[in-house]
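Listed here are the chains, written in short residue letters.
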Amino acid sequence: MSQENKNSVQTTGHVWDDDLQELTNPLPRWWIWGFYITFTFAVVYWLFYPAWPIGGSYTKGVPGFNSVTYTATTVDGKQVKKTTHWNMRSQFMVDMNELTALQKKYFDKVASMSYEDVSKDAELMQFVNSAGKTLFSDNCAPCHQAGGQGKIGFSPNLTDDNWMYGGTYDQIHTTIEGGRRGYMPPFSQVLNDEQITQLANYVLSLSSEPHDPVAAKAGDALFHGEGAACYYCHGPDGKGKIQLGSANLTDKIWLWANIPADKTQEDKVNDIKNVIYNGLAKGVMPNWNVRLKPEQIKLLTVYVHDSLGGGK
Amino acid sequence: MKHDLIERNLGILLVLTMFAISAGGLVEVIPLFFIKETVEKVDGVRPYSPLELRGRDIYVREGCYLCHSQMIRPFRDEALRYGHYSLAAESKYDHPFQWGSKRTGPDLARVGGKYSNEWHTQHLTAPRSLVPQSVMPNYPWLVKTPLDYSDIQLRMKALRKTGVPYSLTQAEYDRNVKDFGPDVAKSLHIPDAEKNLIAQAQLGNYDGNPANISEMDALVSYLQMLGTLVDFKKYDDDYFVKFR
Numbered sequence: 001m002s003q004e005n006k007n008s009v010q011t012t013g014h015v016w017d018d019d020l021q022e023l024t025n026p027l028p029r030w031w032i033w034g035f036y037i038t039f040t041f042a043v044v045y046w047l048f049y050p051a052w053p054i055g056g057s058y059t060k061g062v063p064g065f066n067s068v069t070y071t072a073t074t075v076d077g078k079q080v081k082k083t084t085h086w087n088m089r090s091q092f093m094v095d096m097n098e099l100t101a102l103q104k105k106y107f108d109k110v111a112s113m114s115y116e117d118v119s120k121d122a123e124l125m126q127f128v129n130s131a132g133k134t135l136f137s138d139n140c141a142p143c144h145q146a147g148g149q150g151k152i153g154f155s156p157n158l159t160d161d162n163w164m165y166g167g168t169y170d171q172i173h174t175t176i177e178g179g180r181r182g183y184m185p186p187f188s189q190v191l192n193d194e195q196i197t198q199l200a201n202y203v204l205s206l207s208s209e210p211h212d213p214v215a216a217k218a219g220d221a222l223f224h225g226e227g228a229a230c231y232y233c234h235g236p237d238g239k240g241k242i243q244l245g246s247a248n249l250t251d252k253i254w255l256w257a258n259i260p261a262d263k264t265q266e267d268k269v270n271d272i273k274n275v276i277y278n279g280l281a282k283g284v285m286p287n288w289n290v291r292l293k294p295e296q297i298k299l300l301t302v303y304v305h306d307s308l309g310g311g312k
Numbered sequence: 001m002k003h004d005l006i007e008r009n010l011g012i013l014l015v016l017t018m019f020a021i022s023a024g025g026l027v028e029v030i031p032l033f034f035i036k037e038t039v040e041k042v043d044g045v046r047p048y049s050p051l052e053l054r055g056r057d058i059y060v061r062e063g064c065y066l067c068h069s070q071m072i073r074p075f076r077d078e079a080l081r082y083g084h085y086s087l088a089a090e091s092k093y094d095h096p097f098q099w100g101s102k103r104t105g106p107d108l109a110r111v112g113g114k115y116s117n118e119w120h121t122q123h124l125t126a127p128r129s130l131v132p133q134s135v136m137p138n139y140p141w142l143v144k145t146p147l148d149y150s151d152i153q154l155r156m157k158a159l160r161k162t163g164v165p166y167s168l169t170q171a172e173y174d175r176n177v178k179d180f181g182p183d184v185a186k187s188l189h190i191p192d193a194e195k196n197l198i199a200q201a202q203l204g205n206y207d208g209n210p211a212n213i214s215e216m217d218a219l220v221s222y223l224q225m226l227g228t229l230v231d232f233k234k235y236d237d238d239y240f241v242k243f244r
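In order, the protein sequences belong to chains B and L.
Anchor point for the first sequence: position 194 equals 194 in the working numbering, and the numbering is continuous, going up by one each time.
Anchor point for the second sequence: position 100 equals 100 in the working numbering, and the numbering is continuous, going up by one each time.
For the record, the hints were derived by calculation from the structure and aren't laboratory data.
Please note: incorrect hints may appear among the correct ones.
Said to hold, decoys possible - Cross-link-like lysine-lysine pairs, in silico, PhoX-like; alpha carbons within 25 Å at most: (1) L:Lys144 <-> B:Lys151; (2) B:Lys241 <-> B:Lys282; (3) B:Lys239 <-> B:Lys151; (4) L:Lys234 <-> B:Lys82; (5) L:Lys161 <-> L:Lys36; (6) L:Lys41 <-> B:Lys81; (7) B:Lys60 <-> L:Lys195; (8) L:Lys41 <-> B:Lys82.
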């Protein structure tokens, strides 16, 4: 080889259009080494992690190199320690075990103590408030809104003293666990328009809203008579029954008709007529025992009762 | 020279290029068809009923998948928010699957039963009336548009060709009774599709209006069954570890 050739760049020898040549520069050294290192990495990876398919199965990492030990809970509630090859799901078990261990002392206390004792334990209530806020935001807020204030026409306010299904710890627990299903039959077939107007006026009179006293007096008779029999669910005094979740009609709190927002007496009457006409096939709360653990439901009960300001 | 041959024949170059760029994907995907543990052995997974199937088609039509995934990964934060991680078995009758990876909205793999029907109807019509900070568009036409189910049998037949066990013959029906029980088998029988669809919509009354069958009925029926088919209380909490 001549001196001239050594100093010039090597080519493949291909020449197009007189002087267009294909160069064969060597690859940069750092690149070559990076290439070899990835090969080495791959071999190490195969030893540690599931990698190569073999027929109907695959290599699961060389035993002993990267096994994962976790605690599983069986269907009948037993704790079992298991060791297996590394995979996403066994690593997930380890992560969940860590979390359970961190929260165990609090959840054990919540599960074993009475509601009243939990609410008196200041340190425990810090946990209840922070875990409760998260659980509430994920599960309850879509209906009851972020602060539990509810939404007229959709979901009850949890921050006031008015509880359709009862505001004691046990009653709130029952509601969360089993869900609720609101129902009021439609009266469009049973009563005529005049009668429904009279009833609406009577309902308004119960909470001292503007109303027509003559119509309300006739409505009173209908309310307590056997034709409409409103008293059967709402009680003779119109205060509702917790066992049925029927509304208290004597207070200023409204859920299905937005009376406070109505400007005129006519609007108020029409809003209530609308409910009596069509009834209510809504107010459905899902049962949370399928989605939440018993200790989570108990914690939420305390959170709703103590921290949202309900329960009176 | 071989290099020369490839560079001077466009056809060969094209075939070899396609082979080279698909090799990585094929190496990862093909073994999954043969590995026995890919799809977990689990009870309860069934194909969609005719109404749910129409709901799923509306889900795809409206592009829900652009913001919502249906795939809970086996990570702690996801399990705490969404529930048990998704199983391959749970989407074995999905064509195409709706796993996704784009979450502008929350994952919906286990949304079934989490909210009431009236919540879904209200929320799909006007999301911000219930979730003030939501950026989801309004879908007010769903509740107003009558559901077109005239081609439901064709839709089921097309899926049957891909291997979803919707039944056309008595023999297939009997096989479904054996595999899924009589109630589910009935809902998978293609000749009865319209009848089953109407019955489910009227019984469920998903949109709160019993008078007609709307697109809302179908979509909510689909949302309400998502992720509810497998009863995880029947399995040890590490049962699904052995499939990976």
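Against the structure, the hints:
At roughly 24 Å between alpha-carbon atoms, Lys144 of chain L and Lys151 of chain B fall within 25 Å of each other, so this suggested pair holds. Between the alpha carbons of Lys241 of chain B and Lys282 of chain B the distance comes to roughly 17 Å, so the proposed pair stays at or under 25 Å and holds. For the hint linking Lys239 of chain B to Lys151 of chain B, the alpha-carbon distance of about 21 Å falls within 25 Å, and the restraint holds. Pair hint Lys234 of chain L plus Lys82 of chain B holds up; C-alpha atoms about 19 Å apart against a cutoff of 25 Å.
Proposed proximity of Lys161 of chain L and Lys36 of chain L is supported: the alpha carbons are some 23 Å apart, at most 25 Å. Distance restraint check for Lys41 of chain L and Lys81 of chain B: the Cα-Cα separation of roughly 23 Å lies within the 25 Å cut-off, and the hinted pair is therefore satisfied. At roughly 50 Å between alpha-carbon atoms, Lys60 of chain B and Lys195 of chain L are farther apart than 25 Å, so this suggested pair is violated. Taking the CA atoms of Lys41 of chain L and Lys82 of chain B, the gap is about 20 Å. The hint holds against a cut of 25 Å.
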